[in-house]
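*Asks:* Sequence:
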Amino acid sequence: MQRYDTSFSLPSSAWVEKVSAEEVETVAQQTGVFNEEEEEEAEEEVTPTDSDSEAKVPPLESKNGKRTEGSRGGRGGDAGGGGSKHSMFTWFVVLALLGVWTSMAVVYFDIVDYDSVIARAKEFHTNFSEVLQGKLKAYDSDGDGDFDVEDAKVLLGLKEAQRASVGDSPDEKTEKDLGPGLHDDAAVPLPPLVEDDFVPDDPRDSLHPQDDDVGTIDTSGVLVEDPPPAESTAVESGHFVTSSKFSQEAEAPVTQAEKEPERQTDPEPQRETHKEAEAKKKKPKLLNKLDKTIKAELDAAEKLRKKGKVEEALKSFETLVQQNPLSPRARYGKAQVEDDLAEKLRSNDMLQRAINSYREAAELPDATPDLLRAALKRRAERQQFLGRMRGSVATLGLLVQNFPDDVGLKNDLGVAYLLLGDNKGAKKVYEEVLAVAPDNGFAKVHYGFVLKSENMIAESIPYLKEGLESGEPGTDDGRFYFHLGDALQRVGDDSAYHWYELGHKRGHFASVWQRSLYNVDGLKAQPWWTPRETGYTDLVKMLEKNWRTIRDEALAVMDQNTGLFVPEEENLREKGEWGQYTLWQQGRKAGNVCQNVPKTCSMMERHPEATGCKRGQIKFSVMQPGTHVWPHTGPTNCRLRMHLGLVIPKPGCRIRCTDQTREWDEGKVLIFDDSFEHEVWQDANSYRLIFIVDVWHPELTQYQRQTLSTI
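In this text, residue positions in the sequence shown follow the numbering used here: the first is 441, and each later residue adds one.
Don't read these hints as lab results, they were simulated from the structure. All figures in this text were calculated on a predicted structure; none of them were measured in a lab. No residue lacks a Cβ here, since even glycine has one placed at the ideal position from N, Cα and C. Some clues are possibly wrong.
[Unchecked claim] Think about it this way: if two alpha-carbon atoms lie no more than 25 Å apart in a straight line, the pair counts; the simulated DMTMM-like pairs of lysine to aspartate or glutamate are:
id: 1; residue 1: 1054; residue 2: 1010
id: 2; residue 1: 722; residue 2: 789
id: 3; residue 1: 746; residue 2: 789
id: 4; residue 1: 867; residue 2: 916
id: 5; residue 1: 868; residue 2: 845
id: 6; residue 1: 725; residue 2: 800
id: 7; residue 1: 864; residue 2: 879
id: 8; residue 1: 784; residue 2: 800
id: 9; residue 1: 723; residue 2: 806
id: 10; residue 1: 1090; residue 2: 993
id: 11; residue 1: 864; residue 2: 906
id: 12; residue 1: 964; residue 2: 1099
[What the hints assert, rightly or not] Computed Cβ-Cβ distance ranges for the label pairs, DEER-style:
id: 13; residue 1: 951; residue 2: 1138; range: 16 to 24 Å
id: 14; residue 1: 1147; residue 2: 788; range: 12 to 20 Å
id: 15; residue 1: 789; residue 2: 1070; range: 45 to 53 Å
id: 16; residue 1: 970; residue 2: 751; range: 58 to 66 Å
Make a model of the complete structure from these sequences and hints.
*Replies:* Structure representation (structure tokens):
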């Protein structure tokens, strides 16, 4: 079975490259060209601060240790020995950009061809894009985000620079004349340079660069809730809070209309609220003391990974592990690269290497709590991906031991138990969660699900209902709507259809009647079918022509009284007895059963639409008097179900599908789509015997029939 799925990828964050004006000037004056190595050394991350929009710019720390004050000289034409420190550089750029501008007379009469100026500026900018990427914005004198005609006027001294006043937020900027001495015709000093950190996995982290901290990196598996956007940002985004791999749900993004009132309120309370949110959010710390000493090397290896150069990144991290065997971060990085490479190569073997490396990283002494959590959580997820459910339970159990107060991890552990098929283990976990967090909606729906599976119908209803009503992430799942409605039906509560309708509106069910959960979109959907509509007329004719032969073989099996008919095991009966004798299951013959009904099997083997139906069965079904089967639906819309009547006592045997009820006739075939709700009564005086044959939905292609998973 193909296990590997690469349906998602995280977008990489964009990084702004800035170089101080002094460095560019020095290199340009000394060499006349831009050195690529020096540019790489100068590459730094810019961390915006609240003071970025102020007129006064803090001093810069250059690479040679000298501090450079932001200059505020006169107009560009006045640059001289006592003018701006950047005035010579300004004219260098202007002359280089524009070649020979025009005569002073042309300038004097204000007839400069500004469009030509901009075109030539862009041409020069392209030639030196390696270093000057984004640098023309440093000459953005009017604050509109680019270098345009108005900025050229300022550089020529024909217009004074206009900038937002101190304290103006990006949303409130207006052009204002700052008066003599406060305009700056030379290069605007860049914000303070800070050291690059690792690129985060979560693209949301890039929305808040001011939160970056030393040692904060991507933390696959670490659950961090972002604070609401600051008042000065126009970015609209939702944030994710997850409890399990099934429970990712984004909050609806805030609309512009909803944001407008926020801008009109007093900004002081908003800043306070943001500070409180900032205090609540803690960026994960993955670097211990040893890791901080090799941060530059870790940084370089991580950047290779983020750029998709996974082979090079793997070599770098392997080298770091060899040189620093006690570095948790190096080993964690190696695991992440192996994880990425496994996805690239679709390799389960490589993914197993990553799983092992995650464990090794978590087991190293002095691993920070955040790294321990990230490594083990990701390990558990990848173990589940490979179907290693027991290993996943063990990993999550270790996580819970290390973080006993983390309810989310306990919820994850409960899901792992359910995936393993250990409902008792899941039940115990969710009881522990609800003991300390009685209103946890995620725990409630899963606990109700377990109770329902134990046939504690009435007891499951309040947990399922309250969990769904909570609206918490991970609760909006079709299975919970399905089982809540089913439980309500079984206690005679018609509000079941309210929940079915809600499940349909949320996109979980095709309709209130058709509630299967494993579906192929676009298939014809109707409760009852005729043989001609199915296209399987040859199969129907064969069954009806040979019904007595099929019946006699079934009766012979029943007469043996050897227990070959086993009781129905899906908990669908309200009362009575219902036995089945299966010939084919999931497209495969069920053992040696055909030895007892050889003629029937021989006839069926000529019809692969039935024997090859991986989402169906072929079986005999016997139902004793007094039996009632609850309203229920099959698991998939990919099949149709044929019932051939073999022994049908009259009256009292009937089947309802949606709002239509029919009766069987001996030697005749009924065809219906069991993904629609159906119900059965057996109120006759003797047993009812039928032959059930599932076939592929006729609109499925041959490729779909071959590739659909079994059910």
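*Asks:* Could you run down the list of hints and mark each one as holding or not?
*Replies:* Against the structure, the hints:
no.	hint	result
1	1054 - 1010	holds, 18 Å
2	722 - 789	violated, 35 Å
3	746 - 789	holds, 22 Å
4	867 - 916	holds, 20 Å
5	868 - 845	holds, 16 Å
6	725 - 800	holds, 18 Å
7	864 - 879	holds, 21 Å
8	784 - 800	holds, 23 Å
9	723 - 806	holds, 18 Å
10	1090 - 993	holds, 22 Å
11	864 - 906	holds, 22 Å
12	964 - 1099	holds, 18 Å
13	951 - 1138: 16 to 24 Å	holds, 20 Å
14	1147 - 788: 12 to 20 Å	holds, 19 Å
15	789 - 1070: 45 to 53 Å	holds, 46 Å
16	970 - 751: 58 to 66 Å	holds, 59 Å
Checked against the numbered hints given earlier, the structure breaks only hint 2 and satisfies all the rest.
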